[in-house]
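Q: Next come the chains, spelled out residue by residue.
There are 6 protein chains.
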Amino acid sequence: MGKRVAVYRKEHFNAAHRLYNPAWDNATNDKVFGKCNNPHYHGHNYDLIVKLTGEIDDTTGFVMDLKELSELINAQVLEKFDHRNLNEDCMEFKHLNPTAENIAVVIFELLRPHIAQAIDLQVRLYETERNFVEYPAN
Amino acid sequence: MGKRVAVYRKEHFNAAHRLYNPAWDNATNDKVFGKCNNPHYHGHNYDLIVKLTGEIDDTTGFVMDLKELSELINAQVLEKFDHRNLNEDCMEFKHLNPTAENIAVVIFELLRPHIAQAIDLQVRLYETERNFVEYPAN
Amino acid sequence: MGKRVAVYRKEHFNAAHRLYNPAWDNATNDKVFGKCNNPHYHGHNYDLIVKLTGEIDDTTGFVMDLKELSELINAQVLEKFDHRNLNEDCMEFKHLNPTAENIAVVIFELLRPHIAQAIDLQVRLYETERNFVEYPAN
Amino acid sequence: MGKRVAVYRKEHFNAAHRLYNPAWDNATNDKVFGKCNNPHYHGHNYDLIVKLTGEIDDTTGFVMDLKELSELINAQVLEKFDHRNLNEDCMEFKHLNPTAENIAVVIFELLRPHIAQAIDLQVRLYETERNFVEYPAN
Amino acid sequence: MGKRVAVYRKEHFNAAHRLYNPAWDNATNDKVFGKCNNPHYHGHNYDLIVKLTGEIDDTTGFVMDLKELSELINAQVLEKFDHRNLNEDCMEFKHLNPTAENIAVVIFELLRPHIAQAIDLQVRLYETERNFVEYPAN
Amino acid sequence: MGKRVAVYRKEHFNAAHRLYNPAWDNATNDKVFGKCNNPHYHGHNYDLIVKLTGEIDDTTGFVMDLKELSELINAQVLEKFDHRNLNEDCMEFKHLNPTAENIAVVIFELLRPHIAQAIDLQVRLYETERNFVEYPAN
Numbered sequence: 029m030g031k032r033v034a035v036y037r038k039e040h041f042n043a044a045h046r047l048y049n050p051a052w053d054n055a056t057n058d059k060v061f062g063k064c065n066n067p068h069y070h071g072h073n074y075d076l077i078v079k080l081t082g083e084i085d086d087t088t089g090f091v092m093d094l095k096e097l098s099e100l101i102n103a104q105v106l107e108k109f110d111h112r113n114l115n116e117d118c119m120e121f122k123h124l125n126p127t128a129e130n131i132a133v134v135i136f137e138l139l140r141p142h143i144a145q146a147i148d149l150q151v152r153l154y155e156t157e158r159n160f161v162e163y164p165a166n
Numbered sequence: 029m030g031k032r033v034a035v036y037r038k039e040h041f042n043a044a045h046r047l048y049n050p051a052w053d054n055a056t057n058d059k060v061f062g063k064c065n066n067p068h069y070h071g072h073n074y075d076l077i078v079k080l081t082g083e084i085d086d087t088t089g090f091v092m093d094l095k096e097l098s099e100l101i102n103a104q105v106l107e108k109f110d111h112r113n114l115n116e117d118c119m120e121f122k123h124l125n126p127t128a129e130n131i132a133v134v135i136f137e138l139l140r141p142h143i144a145q146a147i148d149l150q151v152r153l154y155e156t157e158r159n160f161v162e163y164p165a166n
Numbered sequence: 029m030g031k032r033v034a035v036y037r038k039e040h041f042n043a044a045h046r047l048y049n050p051a052w053d054n055a056t057n058d059k060v061f062g063k064c065n066n067p068h069y070h071g072h073n074y075d076l077i078v079k080l081t082g083e084i085d086d087t088t089g090f091v092m093d094l095k096e097l098s099e100l101i102n103a104q105v106l107e108k109f110d111h112r113n114l115n116e117d118c119m120e121f122k123h124l125n126p127t128a129e130n131i132a133v134v135i136f137e138l139l140r141p142h143i144a145q146a147i148d149l150q151v152r153l154y155e156t157e158r159n160f161v162e163y164p165a166n
Numbered sequence: 029m030g031k032r033v034a035v036y037r038k039e040h041f042n043a044a045h046r047l048y049n050p051a052w053d054n055a056t057n058d059k060v061f062g063k064c065n066n067p068h069y070h071g072h073n074y075d076l077i078v079k080l081t082g083e084i085d086d087t088t089g090f091v092m093d094l095k096e097l098s099e100l101i102n103a104q105v106l107e108k109f110d111h112r113n114l115n116e117d118c119m120e121f122k123h124l125n126p127t128a129e130n131i132a133v134v135i136f137e138l139l140r141p142h143i144a145q146a147i148d149l150q151v152r153l154y155e156t157e158r159n160f161v162e163y164p165a166n
Numbered sequence: 029m030g031k032r033v034a035v036y037r038k039e040h041f042n043a044a045h046r047l048y049n050p051a052w053d054n055a056t057n058d059k060v061f062g063k064c065n066n067p068h069y070h071g072h073n074y075d076l077i078v079k080l081t082g083e084i085d086d087t088t089g090f091v092m093d094l095k096e097l098s099e100l101i102n103a104q105v106l107e108k109f110d111h112r113n114l115n116e117d118c119m120e121f122k123h124l125n126p127t128a129e130n131i132a133v134v135i136f137e138l139l140r141p142h143i144a145q146a147i148d149l150q151v152r153l154y155e156t157e158r159n160f161v162e163y164p165a166n
Numbered sequence: 029m030g031k032r033v034a035v036y037r038k039e040h041f042n043a044a045h046r047l048y049n050p051a052w053d054n055a056t057n058d059k060v061f062g063k064c065n066n067p068h069y070h071g072h073n074y075d076l077i078v079k080l081t082g083e084i085d086d087t088t089g090f091v092m093d094l095k096e097l098s099e100l101i102n103a104q105v106l107e108k109f110d111h112r113n114l115n116e117d118c119m120e121f122k123h124l125n126p127t128a129e130n131i132a133v134v135i136f137e138l139l140r141p142h143i144a145q146a147i148d149l150q151v152r153l154y155e156t157e158r159n160f161v162e163y164p165a166n
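Chains as they are written, first to last, in the working numbering: chain U, 29 to 166; chain Y, 29 to 166; chain V, 29 to 166; chain D, 29 to 166; chain B, 29 to 166; chain F, 29 to 166.
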């Protein structure tokens, strides 16, 4: 059995978003989300780090070819979210508040079906250099 | 006469924007600006570095107190642009395409009146880690 | 039940410190701590990353509002340590050597009472870009 | 019993390498490894982060003196790999493909005998800022 | 006349190289170039920052579209040097020692014919995070 | 004549300091320097970038061997300032306020006599990631 190693690939995308809860009135949205609730949106450079944990394949020396992983992230995630308005352009957030936490969960669910079952998947998403999230939690 | 030194302060803001030229038709805008022309906007974490060049004050050892410079940048720039939609919320870009080049020129013009005449000002703006601009050019 | 996500907030503070053990003579302190034992102190820019692990709140989409977490870290940690001499100014280190390990444990204990019980807390502290610690260990 | 803390030390080395499997023909090597299979080699600035997890020693406040850890990494790893051709100069890779995964496992095995048994060891290796690996996986 | 602004694009490539002067004997090469003279080569992740200085075009708001600049750097520089052995694979260094200084000059000369005459060009090349060069010098 | 190139070397040191002007009373010092005037000192990880501008030597391909430059910076600057209290331990600051501006000027003057006359010298000093200075100014 090959040794278990974690491999990581970093990608990024730029998007606009707005935080708000349609079940609340404006005052509550402003109180909870502050300037993140700007109705005209604001935006971020999101850095995305995808972690795969699995056994090294003896013939390649890879857990997974990171070039293939990069192409997978591009096809499944960046094509949907890069240079988009998450609230307006992305059906995933039609009924889900695009907080960093929720975006990370959505990215996990977009990637999971395309990764071999024997490999564990974790997603880290940087909304800014100082605010970031990870799913699933260790 | 005090020695001339450059001092730098780094700040950041998050904003949405869209690149387009209202004088052009859609096809031309798409050709020139590509996905940056998304009508629902996208966004960035902008890093802003303000450079001041002047003489060291012998009594303080400062060209300018960087805490005061930080407060000035916050009052004149970040209050206007942070968590905003540059096209929709900022009068500076009602008739000016918010490219990184134009944003840097606007920031220079917002700050210049508040900096002592004897001090030179230069603005560097990072739209992403890999795309950035500087005004005025050396 | 909401999904468990980890959220992270990065802050920083600047402080002076000195490493030594009062139970030892000077020669032993010099041998063990080297130039970190300078009696006039030296200093660091400490980067602090606070990790909270908990369930996403369905109404906000947050594990915890990172703006509130930032304010909590400022009130409980940065007010005490920023621009201070850890050995001289901070009662936490009157009888505790301010190594990165011990500072991380102290920060954990300062924050823990202010975080909801259902949320796990972990602290990472960078003394320099190349030397850093984490408590509790995974 | 002292509290368990993780301590980290970051080092780096520069090396040339080539990815290929001698059991395969050229076409298969090219298909799997692409331009990483250049027979004249290419190279990287590798960043290495070594993580030790153990109890704080009450007399020093350290899990391990990071200056000693740095010297250990230099003696056991950097002396072997820095400014070398991993395939040509390093016996560890005479019969092992120098992928990031395999290099991390080799570094773990070089360091493990020199670290106290009560201390856990983990190695993270950055081949580039965007591709990195960790062994053993959590 | 449009305002003069500098725009920057960052790219990177990974390559192997060896420093030596064929006019010298081995002892002199070892004395001058140390371990950089390893005959089996070592390697680096090179970060390349290309700076263009020119006037803002009023219709686009660009000095030059940075996507086009990125494509130009890829075609003229990265296609030649990425995942290559500079000494063995690149005719530019058949008779020129691939120091960072010389690589920067070569990259300048590869790009200059493809940039409009009215635009100034400068190249910064990072061999490591701590060693970097710029051509032409200000 | 060789081409003029700028070469850069990055080093760092950790030090304690306090900002104050002995000609002023306490209230004025507190007003001007705020918490930087803590009488027990605070500290920083200083990043130092030394820039040399000169012609490429045709026999080496170097403006100056950056390993030699690193040794020079270590001998002339880091030996004096690393893990020191700038106010208490360093005669350069007995009668000079150790602001970033003044430290940069002092470092320039420490290095200048050891660099060949034909080579221009410039010093950039980061007190934090967000506050930095450069001497002489361009």
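Hint data in this document are derived by calculation from the structure and do not stem from the laboratory.
These figures come from a predicted structure and were not determined experimentally.
Treat the hints with care, as some may be off.
What the hints assert, rightly or not - As a list, the in silico EDC-like pairs of lysine to aspartate or glutamate whose alpha-carbon atoms are at most 16 Å apart:
| no. | chain 1 | residue 1 | chain 2 | residue 2 |
| --- | --- | --- | --- | --- |
| 1 | B | Lys63 | F | Glu107 |
| 2 | D | Lys79 | D | Asp148 |
| 3 | V | Lys79 | V | Glu107 |
| 4 | V | Lys63 | D | Asp93 |
| 5 | B | Lys95 | Y | Asp58 |
| 6 | F | Lys95 | B | Asp86 |
| 7 | F | Lys108 | F | Glu137 |
| 8 | D | Lys63 | B | Asp58 |
| 9 | U | Lys38 | Y | Glu157 |
| 10 | V | Lys63 | F | Glu107 |
| 11 | D | Lys108 | D | Glu39 |
| 12 | Y | Lys63 | B | Glu96 |
| 13 | Y | Lys122 | B | Asp110 |
Q: Does V/Glu107 lie within 16 Å of V/Lys79 when you go C-alpha to C-alpha?
A: Violated: V/Lys79 and V/Glu107 sit about 19 Å apart, past 16 Å.
Q: Tell me if the straight-line CA distance from V/Lys63 to D/Asp93 falls inside 16 Å.
A: holds (13 Å)
Q: Between the alpha carbons of B/Lys63 and F/Glu107, is the straight-line distance 16 Å or under?
A: This hinted pair is violated, its Cα atoms lying about 25 Å apart.
Q: Tell me if the straight-line CA distance from U/Lys38 to Y/Glu157 falls inside 16 Å.
A: holds (14 Å)
Q: Quickly compare the C-alpha distance for F/Lys95 and B/Asp86 to 16 Å and report which way the hint goes.
A: violated (47 Å)
Q: Hint check: V/Lys63 vs F/Glu107, CA-CA at most 16 Å. Holds or violated?
A: Distance ~11 Å between V/Lys63 and F/Glu107 Cα, so the pair holds.
Q: So if I understand the rule, the pair passes when the alpha-carbon distance is 16 Å or less; does D/Lys63 with B/Asp58 pass?
A: violated (30 Å)
Q: For a C-alpha distance cap of 16 Å, please report whether B/Lys95 and Y/Asp58 respect it.
A: holds (14 Å)
Q: Would the pair D/Lys79 and D/Asp148 pass a check requiring their Cα atoms to be no farther apart than 16 Å?
A: At roughly 8 Å apart (the allowed maximum being 16 Å), D/Asp148 and D/Lys79 satisfy the hint.
Q: Given the hint that Y/Lys63 pairs with B/Glu96, does the C-alpha gap stay at or below 16 Å?
A: It holds: about 14 Å lies between the C-alpha atoms, which stays within 16 Å.
Q: Holds or violated: D/Lys108 and D/Glu39, Cα atoms, limit 16 Å.
A: It holds: about 14 Å lies between the C-alpha atoms, which stays within 16 Å.
Q: Holds or violated: Y/Lys122 with B/Asp110, Cα cutoff 16 Å?
A: violated (43 Å)
In terms of the numbered hints stated before, the structure departs from hints 1, 3, 6, 8 and 13, listed from lowest to highest.
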